[in-house]
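Protein chains in written order, with my numbering: chain L, 7 to 203; chain U, 87 to 146.
Any given hint could be a false lead.
Label-pair restraints from in silico Cβ distances [said to hold, decoys possible]:
1) 138(U) - 171(L): 51 to 61 Å
2) 130(U) - 136(L): 14 to 24 Å
3) 133(U) - 171(L): 40 to 50 Å
4) 113(L) - 102(U): 48 to 58 Å
5) 113(L) - 140(U): 37 to 47 Å
6) 110(U) - 175(L): 47 to 57 Å
7) 130(U) - 148(L): 23 to 33 Å
8) 158(L) - 108(U): 16 to 26 Å
9) 102(U) - 53(L): 25 to 35 Å
10) 137(L) - 140(U): 21 to 31 Å
Chain U is nowhere near these chain L residues, computed Cβ spacing over 12 Å in every case [what the hints assert, rightly or not]:
11) 77
12) 170
13) 194
14) 197
Calculated directly from the structure, the hints in this document are not laboratory data. All C-beta atoms in this analysis are idealised placements derived from N, C-alpha and C, irrespective of residue type, glycine included.
Single-letter residue listing:
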Amino acid sequence: MLKRLAFVAVVVMVSFMAVACATQKAPAEAAITAAETALNAAKGEAVKFVPDQVKGVEDALAAAKDSFAKGDYQAALTAAQALPAQVSALTAAATAKKDELTKSWTSLSEGLPKVVEAIQNRVNMLAKAKKLPATIDKAKFASAQDGLKTITQTWAEATTAFGAGNLQDAVAKAEIVKTRAAEVLGFLGMPVPAGLQ
Amino acid sequence: MADEPKPADAFDTTQWHDVVPGDTLSKIAEKYYGDPALYPQIFEANRDVLENPNLMEDAC
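The following block holds chain L by itself, in its conformation from the complex (with noise of 0.2 Å):
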């Protein structure tokens, strides 16, 4: 008698345990459904800003999916619950990434072509002179020259990749301008900006 007691509490306990896993399934598959929507929404622009970050989220939701596939499904449903807010900090860190970005941007876009252009004066001033001034050797005029090919190269490929969407490219392409700049400001003997510094 006591042996029927038993298998039938275990019995009871497992269907317990059966039917309480079983309700946790389609909270998890929807929680899971939402939190790949979400980051399907936010995933365009913040694997620009941020993919790291981006990946990071991509593999939280693939564990989300590993526990619900071998039938956890309440592991599935914890991680899934988790996903939102790590796409709303993803989307957060985007915006804020894409602010300095832009930011910048529009401080290199604005100051180097004019410092791109007073380099460009003062190699075709010297070119034009008798002699070189007496703080310049050739071979300081020369790396000048080679500077300035790659300024103006590298400028033109900055502004390119602004116009093609891609800030981040720009910018780090201008931020290469800025040091080569400041390089051959020094060889010609000019003084260098702070926007430079």
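Given chain L, work out where chain U should sit, using these hints.
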């Protein structure tokens, strides 16, 4: 030459020279450009304070 500008443009590459007695535009042009004949470039950049390239002392 002209008064130095207020610090406004972080990308301003204007080069300033403190004029001393005996300076001429030709000497300054030679110092910075290597060629005294390029003095008109400096004169043009300082037209707000120089009326005559041969009379720089008037602006000092």
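Quick rundown of the hints versus the structure:
1. 138(U) - 171(L): 51 to 61 Å: For residue 138(U) and residue 171(L) the Cβ distance comes to about 54 Å; the hint holds.
2. 130(U) - 136(L): 14 to 24 Å: holds, 20 Å
3. 133(U) - 171(L): 40 to 50 Å: Roughly 43 Å apart at Cβ, these two residues keep to the hinted range, so it holds.
4. 113(L) - 102(U): 48 to 58 Å: With Cβ atoms ~23 Å apart, the hint is violated.
5. 113(L) - 140(U): 37 to 47 Å: Cβ of residue 113(L) to Cβ of residue 140(U): about 42 Å, so the range 37 to 47 Å holds.
6. 110(U) - 175(L): 47 to 57 Å: With Cβ atoms ~49 Å apart, the hint holds.
7. 130(U) - 148(L): 23 to 33 Å: Roughly 28 Å apart at Cβ, these two residues keep to the hinted range, so it holds.
8. 158(L) - 108(U): 16 to 26 Å: Once the Cβ atoms are compared, 39 Å apart, the range 16 to 26 Å for residue 108(U) and residue 158(L) is violated.
9. 102(U) - 53(L): 25 to 35 Å: Violated, at about 48 Å.
10. 137(L) - 140(U): 21 to 31 Å: holds, 23 Å
11. 77: holds, 62 Å
12. 170: holds, 25 Å
13. 194: violated, 9 Å
14. 197: violated, 6 Å
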